[in-house]
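Trainee: Listed below are the residues making up each chain.
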Amino acid sequence: MKSTALTNVHIALGAKMVPFAGYNMPVQYTGINDEHATVRNSVGVFDVSHMGEFILKGENALELIQRVTSNDASKLVDGKVQYSCLPNENGGIVDDLLVYRIDEKTYMLVVNASNIEKDWNWISDRNTNGVEMHNISDKTSLLAVQGPKATAALQKLTEFDLAGMEYYSFKKGKFAGVDNVVVSATGYTGAGGFEIYFDNEHADQIWKAIFEAGAEFGIKPIGLGARDTLRLEKGFALYGNDIDDNTSPLEAGLGWITKFTKEFTNSAALKAEKEAGLKNKLVGFEMIERGIPRHDYEIFDAEGNKIGRVTSGTQSPSLQKAIGLGYVTLENAAIDTDIFIGIRDNKVKAKVVKYPFL
Amino acid sequence: MNFPAELKYTKDHEWVKVEGGEAIIGITDFAQRELGDIVYIDINTVGQTVNHEEIFGTVEAVKTVSDLFMPLTGEVLEINPKLDSNPELVNSDPYGDGWMIRIKIADTAQLDALLSDADYKQQIGE
Numbered sequence: 001m002k003s004t005a006l007t008n009v010h011i012a013l014g015a016k017m018v019p020f021a022g023y024n025m026p027v028q029y030t031g032i033n034d035e036h037a038t039v040r041n042s043v044g045v046f047d048v049s050h051m052g053e054f055i056l057k058g059e060n061a062l063e064l065i066q067r068v069t070s071n072d073a074s075k076l077v078d079g080k081v082q083y084s085c086l087p088n089e090n091g092g093i094v095d096d097l098l099v100y101r102i103d104e105k106t107y108m109l110v111v112n113a114s115n116i117e118k119d120w121n122w123i124s125d126r127n128t129n130g131v132e133m134h135n136i137s138d139k140t141s142l143l144a145v146q147g148p149k150a151t152a153a154l155q156k157l158t159e160f161d162l163a164g165m166e167y168y169s170f171k172k173g174k175f176a177g178v179d180n181v182v183v184s185a186t187g188y189t190g191a192g193g194f195e196i197y198f199d200n201e202h203a204d205q206i207w208k209a210i211f212e213a214g215a216e217f218g219i220k221p222i223g224l225g226a227r228d229t230l231r232l233e234k235g236f237a238l239y240g241n242d243i244d245d246n247t248s249p250l251e252a253g254l255g256w257i258t259k260f261t262k263e264f265t266n267s268a269a270l271k272a273e274k275e276a277g278l279k280n281k282l283v284g285f286e287m288i289e290r291g292i293p294r295h296d297y298e299i300f301d302a303e304g305n306k307i308g309r310v311t312s313g314t315q316s317p318s319l320q321k322a323i324g325l326g327y328v329t330l331e332n333a334a335i336d337t338d339i340f341i342g343i344r345d346n347k348v349k350a351k352v353v354k355y356p357f358l
Numbered sequence: 001m002n003f004p005a006e007l008k009y010t011k012d013h014e015w016v017k018v019e020g021g022e023a024i025i026g027i028t029d030f031a032q033r034e035l036g037d038i039v040y041i042d043i044n045t046v047g048q049t050v051n052h053e054e055i056f057g058t059v060e061a062v063k064t065v066s067d068l069f070m071p072l073t074g075e076v077l078e079i080n081p082k083l084d085s086n087p088e089l090v091n092s093d094p095y096g097d098g099w100m101i102r103i104k105i106a107d108t109a110q111l112d113a114l115l116s117d118a119d120y121k122q123q124i125g126e
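Chains as they are written, first to last, in the UniProt record's numbering: chain A, 1 to 358; chain B, 1 to 126.
It is worth saying that the hints were derived from the structure and are not from the lab.
Where a beta carbon is used, it is the ideal one built from N, C-alpha and C, also for glycine.
All the pointers check out, no bait thrown in.
Label-pair restraints from in silico Cβ distances:
# : chain 1 : residue 1 : chain 2 : residue 2 : range
1 : A       : Glu298    : B       : Asp97     : 29 to 39 Å
2 : A       : Lys321    : B       : Asp112    : 40 to 50 Å
3 : A       : Arg290    : B       : Gln122    : 31 to 41 Å
Straight-line C-alpha distance at most 25 Å; calculated DSS-like pairs for lysine-lysine:
# : chain 1 : residue 1 : chain 2 : residue 2
4 : B       : Lys82     : A       : Lys321
5 : A       : Lys262    : A       : Lys75
6 : B       : Lys82     : A       : Lys349
Construct the entire structure; sequences and hints are all you get.
Mentor: Right, dumping it as structure tokens:
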């Protein structure tokens, strides 16, 4: 199992460690509810160094990215980030990712830890025009500093005007005394904040600096458990749960990053799918009767017919109610539709609601 | 972690407190820590006789769900009424206010197979 540069720090802090995507990762420190509240109300730090980073460089870098991703990367300018996805050739999704434009000929792709090898092979196989590719995942650390106090805490560590940075933009430069740090106004919590990319050898220094800067705000380390509850309240898809090799990006609600103004992997089939009308839709739901929905539980209509499956579910720490995401047939996807979740031997009542939940 | 010597334990991380012909059952400090924040205790077996090692309910934490296994065959007499609105008592006081069910013991011979606190600690590597 792989470690991040900070694994020993997490263990020393008393984190509960679990294997995740081949890495030994902290799932919680004080408890999911407490950590969740810390990020929603103040500021918390996630070590997400398991994520993968690829550098694509050369005259044809944009052309390659345009062919393999569904969003339109030609809209990017230097210092901007774009959420996108790598469609496969069978109607599903290889991965979802972030595309960073460093300059006209240099891009960074940030991919899910569990998909690093799959994505690398996928993109390499389609690199027919000589783009220089570097997998910098193993030498790159990534800390997500998230929450309403993140800006005030991190501003002490850099001369960049953090409050002035637009969502989905980034800067590269000096941070906590370290050069060549990427400070990105992105995140997976919907709580505001930044993601900080740097070389592994600076991990201890930067971790320490962030905790000193955040001390007055009660900054805490946050595990993967709260990362999941935070992202689910905001309705952000999780690869492997809500989207995967077999889910349509259109049914997953990712039509907004599927741009038919250009050609990309499987774009003709996806366009035809859209024009023919979708059969299923990823919906948000909340439980009406007691029960917690979980990944892969079945979904039924009032007559007991199976209409879909749960892809994510939890007790929402912020809302104090059980919420979930799942695919249902289009005729059951309207807001306020009663649906029933198969929990053990029971069909437990829920209803379709708008998401983000929060 | 705390494992009171006056209680008996199972490999499934339940504790048992024998009171005459009845027993109080809950989950151990180790179990509640492993589960994390507990949000719902789902027990629908009151009035039923449930066999040794069969499921008498489930415990839902934010991150995960786990079945609850009967340490002894017996009739489920009562569920802790506080858990319906305060399931987090299982985290904060697993051997006290966080108890789960009270049962009528069907076969006292089964008590001999339960673990002592020392046996249980060894089981979980404490």
